[in-house]
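The task is simple: from the sequences and hints, build the whole structure.
Spelled out, the chains give:
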Amino acid sequence: MTNKEIYVLSAKQISIQQPLSEEWMNNPTLYEPAFYRSIDPSFKEYVSPIEARRMGKILKRALATSKEALKASGLETVDAIVTGTGYGCIENTEFFLDALSKEGEQLLKPTYFMQSTHNTISSLIAIQTKNHGYNATYAHKGISFDSALYDAYLQFRLNKISSALVGGHDEMTETFYQILKKGGVIGFDNEICGEAAVSVVLSDKQENALCKLSGHKIIHQQGIESLKEKVAKFLQGNGKTCSDIDFILTGISGYKENDEAYMLETKALFGDRPLLKYKNLFGDSFTASGIGFYVAAQCLKSGFVPRNMFVNEKDITDKKPDNFLIFNRSDGTNYSLTLLEK
Amino acid sequence: MDELIYKLKQEIIEALNLEDMTPEDIDENASLFGEGLGLDSIDALELIVLMEKNYGIKLQDPNQGKEIFKSVKVMAEFIQQNRTK
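Going down the list, the sequences are from chains A and B. The numbers in the working numbering rise by one with no breaks, and the one at position 104 of the first sequence is 104. The numbers in the working numbering rise by one with no breaks, and the one at position 72 of the second sequence is 72.
Treat the hints with caution; some may be incorrect.
[Stated by the list, open to error] Pairwise CB distance ranges, derived in the manner of DEER restraints:
1) B:Leu45 with A:Glu174: 27 to 35 Å
2) A:Lys182 with B:Asn29: 28 to 36 Å
3) A:Lys102 with B:Lys58: 14 to 22 Å
4) B:Gly36 with A:Ser101: 34 to 42 Å
5) B:Gly36 with A:Asn3: 53 to 61 Å
[To be verified] According to the in silico footprint, chain B covers these stretches of chain A (three or more CB under 8 Å from chain B):
6) 47-54
7) 108-118
Note that these hints are calculated values from the structure, not bench results. Just so it is clear, CB atoms sit at the ideal spot from N, CA and C, and this is done for glycine as well.
Shown next as C-alpha cells:
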C-alpha cells in the first residue's frame, strides 16, 4: 500500500434539492416528511432525445452528474469508473414486471427488460465518456456508494489508478416506495424519502480540489466495543484523535429508531463532538451516504456549514470546517467511515 | 388519416420513450430508420409490439417490417388497412 494522496476534484448531485447546484447551502428547498422524486435538470444538453430513449431516469441523472463532475474537475477522462447503487434501474424493472403481470409474456417491451439491470450505469457512463478503463458497479443497499468509494480508494492506495469517477445512483418510484414502506425497509414516520444521484471525481493531483479524501473504511459490526476499537484504529491510522474531528456527519433522518441508534453510538464512539445531518435536506435513499460525501466536500470547499445541518443547537458555529468524519450506519449492521479534510 | 398519423406519432413517442420530442418534431414522410429518425432494430421490436397491442395487427413475416416502417405515413396507411381494433 502506498500513501498516495487522494483529492476530491469535484462533486455534483441531482436530488430533491436544486439539481447540479449548491443553492441548498443558502436557500434550501424544505420538505415535510413524505416521499419525493428528484428535481431533474433538462437532459437535452447531456444526451440527445434519440440516445436518451433507452435510458431510464437513473441513467440520465448518472450521465448528467458524471459529465458535470468531469467538466468541473478539468479532467477529460479518468482511470476508473466505479458506481454504487442500492436497487439500480428499479423504474424500468417495475415497468417490465407491470407489463408482465398485465399483458402476459406476449407483448413485453424489450427496452424495459434491457434497462432493468444494475450494471448498466457504469457501462453507460463509460460509453458516453469514451472511457476504456476499469469499470464496476456495487449493489449493497445502504453502503453501495461506500463500497464503490472503497474500491477506488484501495486502487489509489495500491497505485493502480491516478483518477476515478465514483458515483452513487438510486431512483425510487411511488409503487416501490409503498412496497418498501410496508416491508419496514424505508418510509418511516417523520422521515423524508428522496432519490439521489451523486458523482465525484477523485485524483492524486491537488489543483483546484474541493478537499482531500484522507481515509475510508467499511465495517461490519460485531458489537459496540468492536466498533469502538475499529473507529479508534481508523482515526489513529489517519494521525487523528476524536478531538481533532470538527464535525461528525451522520445519517440522522427524523425516524426515531434510527436517530436514537445514531445518538447512542456517536456518543459512545465520538463523545461530544458536534453532530451534523443532511437527510433533513436531501431525504433518505440507498445512495444517501453519497449525498453525505457531496455535502461534506462542498462545506469544506465553501468554508461554512449551513445552520440547519446541526443536530444540536449548542453546537451551532460559524467556524470554518477543517475536516468532516462521515459516519454512515446501514441497517444497524454495516458502517462506513470517511474522513475528508481541507 | 391525419388524425391517425398524429395519434401514431404520440404512440411512437411513448413506446420509444422519446421524452423530449413532440409529434411536431417527427416528419411523417421521413424515414424512421437510418438517416431519418435514426431508429434501430430494437425500436422495430417496440413498433411491432405497439401495432399488436394498440391495433391488433400481428406481423407474421419480419421482412414486412422493412416496408411498413418506412415512415410514419406508410405505417399509418398499413394500420388503417389492417387494424382489427
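Going down the list of hints, with the structure as the test:
1. B:Leu45 with A:Glu174: 27 to 35 Å: About 28 Å separates the Cβ atoms of leucine 45 of chain B and glutamate 174 of chain A, which means 27 to 35 Å holds.
2. A:Lys182 with B:Asn29: 28 to 36 Å: With a Cβ separation near 51 Å, lysine 182 of chain A and asparagine 29 of chain B fall outside 28 to 36 Å, so the hint is violated.
3. A:Lys102 with B:Lys58: 14 to 22 Å: holds (19 Å)
4. B:Gly36 with A:Ser101: 34 to 42 Å: With a Cβ separation near 35 Å, glycine 36 of chain B and serine 101 of chain A satisfy 34 to 42 Å, so the hint holds.
5. B:Gly36 with A:Asn3: 53 to 61 Å: holds (57 Å)
6. 47-54: With 5 residues closer than 8 Å to chain B, the stretch 47-54 of chain A meets the three-residue bar; holds.
7. 108-118: holds (count 5)
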